[in-house]
Amino acid sequence: MEKPQYNTEIVKSFVHWSVLWGLVAVLVGVIVSIQMTNPEMNFPPYLTFGRLRPIHTNAGIYGWGVGVIFATFFYIVQRLCKVRLWSDKLARFQLWFFNATISAAALTLLLGFTTSKEYHEMEWPIDLMIVILWVSFAINIIMTIIKRKEEQMYISLWYMMAAIVGVAILFLVNSAAVPVSLFKSYSAFAGTNDANVQWWFGHNAVAMVLTAPPLAMFYYFLPKSTGVPIYSHKISIISFWSLIFMYLWTGAHHLLWTPVPDWIQTLAMAFSVMLIAPSWGSVINGYLSMKGEWHQMRENYLVKFLILGITFYGLQTLQGPMQAIRSFSAFIHFTDWVPAHIHMGTMGWVSMVCFASIYFLVPRIYGKELYSIPLANLHFWLTLSGQLIWSISLWVAGVLQAGMWNAMNSDGSLTYTFMETMVEMYPYWWARTTGGAVFTLGVLVFIYNLFKTVRSGEKTAPLTASSEGRA
Amino acid sequence: MDLAATLYLGVTFGLFVIFVGIVMRTYSRKNRDKNETAKYRMLDDD
Chain A
1 MEKPQYNTEI
11 VKSFVHWSVL
21 WGLVAVLVGV
31 IVSIQMTNPE
41 MNFPPYLTFG
51 RLRPIHTNAG
61 IYGWGVGVIF
71 ATFFYIVQRL
81 CKVRLWSDKL
91 ARFQLWFFNA
101 TISAAALTLL
111 LGFTTSKEYH
121 EMEWPIDLMI
131 VILWVSFAIN
141 IIMTIIKRKE
151 EQMYISLWYM
161 MAAIVGVAIL
171 FLVNSAAVPV
181 SLFKSYSAFA
191 GTNDANVQWW
201 FGHNAVAMVL
211 TAPPLAMFYY
221 FLPKSTGVPI
231 YSHKISIISF
241 WSLIFMYLWT
251 GAHHLLWTPV
261 PDWIQTLAMA
271 FSVMLIAPSW
281 GSVINGYLSM
291 KGEWHQMREN
301 YLVKFLILGI
311 TFYGLQTLQG
321 PMQAIRSFSA
331 FIHFTDWVPA
341 HIHMGTMGWV
351 SMVCFASIYF
361 LVPRIYGKEL
371 YSIPLANLHF
381 WLTLSGQLIW
391 SISLWVAGVL
401 QAGMWNAMNS
411 DGSLTYTFME
421 TMVEMYPYWW
431 ARTTGGAVFT
441 LGVLVFIYNL
451 FKTVRSGEKT
461 APLTASSEGR
471 A
Chain B
472 MDLAATLYLG
482 VTFGLFVIFV
492 GIVMRTYSRK
502 NRDKNETAKY
512 RMLDDD
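Protein sequences appear in the order of chains A and B.
Its first residue numbered 1, the first sequence is counted upward by one per residue in the numbering used here.
Its first residue numbered 472, the second sequence is counted upward by one per residue in the numbering used here.
FYI, nobody ran anything at the bench for these hints, they're computed from the structure.
On a predicted model such as this, the values are computed, not experimentally measured, just so you know.
Among the hints, erroneous ones may be present.
[Claimed, not checked] To give a feel for the contact side, a few chain A residues facing chain B, derived at Cβ under 8 Å:
1) Met153
2) Pro229
3) His233
4) Ile237
5) Phe245
6) Tyr426
No residue lacks a Cβ here, since even glycine has one placed at the ideal position from N, Cα and C.
Could you put the whole structure together from the sequences, leaning on the hints where they help?
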């Protein structure tokens, strides 16, 4: 079969921009963590924790995460379908509209325009831009899949389609609002319905942005990096469908002990626990794919990122359901345990897989050897240690915080004032800042390595799967 | 049981039946081997 000419220019562009937004996300993350320990570092009205924190999360999830999704999906879909991208022009439009949307989101959040819905803070004009952006992306990917020359669809394509459809549904429903001015709108839902819809969106943004796409990348880049196929395609299919059937019911576990009807809370709790099975289906499939290949953990930096990534996914999908149980949630909710959980997912699972994907892509799309494998290994250790310092310190902080909040004297009064519990947090918050700084240093090493690869890396013959990533 | 509860139950049961159908189809004798071909094909040179 004649090999198609794939569009790699668009992949390059999305890699550049996603890395830039990723750098913004981690830098702002370090700044907001310093603002927690040093309140005098808040400079009202624009540079305060309240304005910068959503910029950190949105730049991280939508600038870095979605930017890498665009880059990798465009790379993967062409190769798994053995056809060129359906429309180069649409993809190019999408690139610039993506940057316009992220910039507009950052600017309006800085100016204080917000819906106050977590992970969906952008006001309605930005929502419209996101809809245009996502529809462009969806059309291009789905049309490429429709005109594919491969009969069997590899599992990554299923996860990609789920992410595209899932994000569209979630975003449209949660965006329903009544605009009252150019930058102010009110939700179309009221009271507990609004909360329920918001967390149906919020938790499933985790599913459709931070789970399905990284799984698509993992299932593609792991076998490509090791040179051996995944253990079982059938298990991946069953894991996929069970994940899809279960995930959308779990959002209300964010609303345990609230006025949301009890049965909705119980349903969310039950489905959250059941979700362990499909999640671990993928984890085990990943581990079994390494059968006889574990030596590559020493020799292949890509495998290190990918296997540690799927390991953190496994840990994340055990910790998450645990937090979704009423009794545990009562203890841990609103404490620093929760951001630690989220950051194990974003810094451990999602970013590890994204880093591996970009390391895989860049030498191939530029036709150059990676500038330095030792630097890639250094990046791996900085990422791992930064994330662990971040997460472990805040898990400890969360347990301490919960213990202090719940401590009571014999007469039923609280043992500690809220301020006393806050003061106890300072050492852990400093540890968090340190972890974030170490992670950011890793990102800088990553960017330097990519920059040198593009600028001065040696030209190479096309890389084969089995030669990829060896130290 | 009112109409809404019956509908919820019906939809849940329907989804479960679809899921069982997917599992049976994936592991059926006819598709068992065919469903593994994609994992080898994706390793072809790009």
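### Task
Identify every previously stated hint that the structure contradicts and give their numbers, smallest first.
Result: hint 6 breaks, nothing else.
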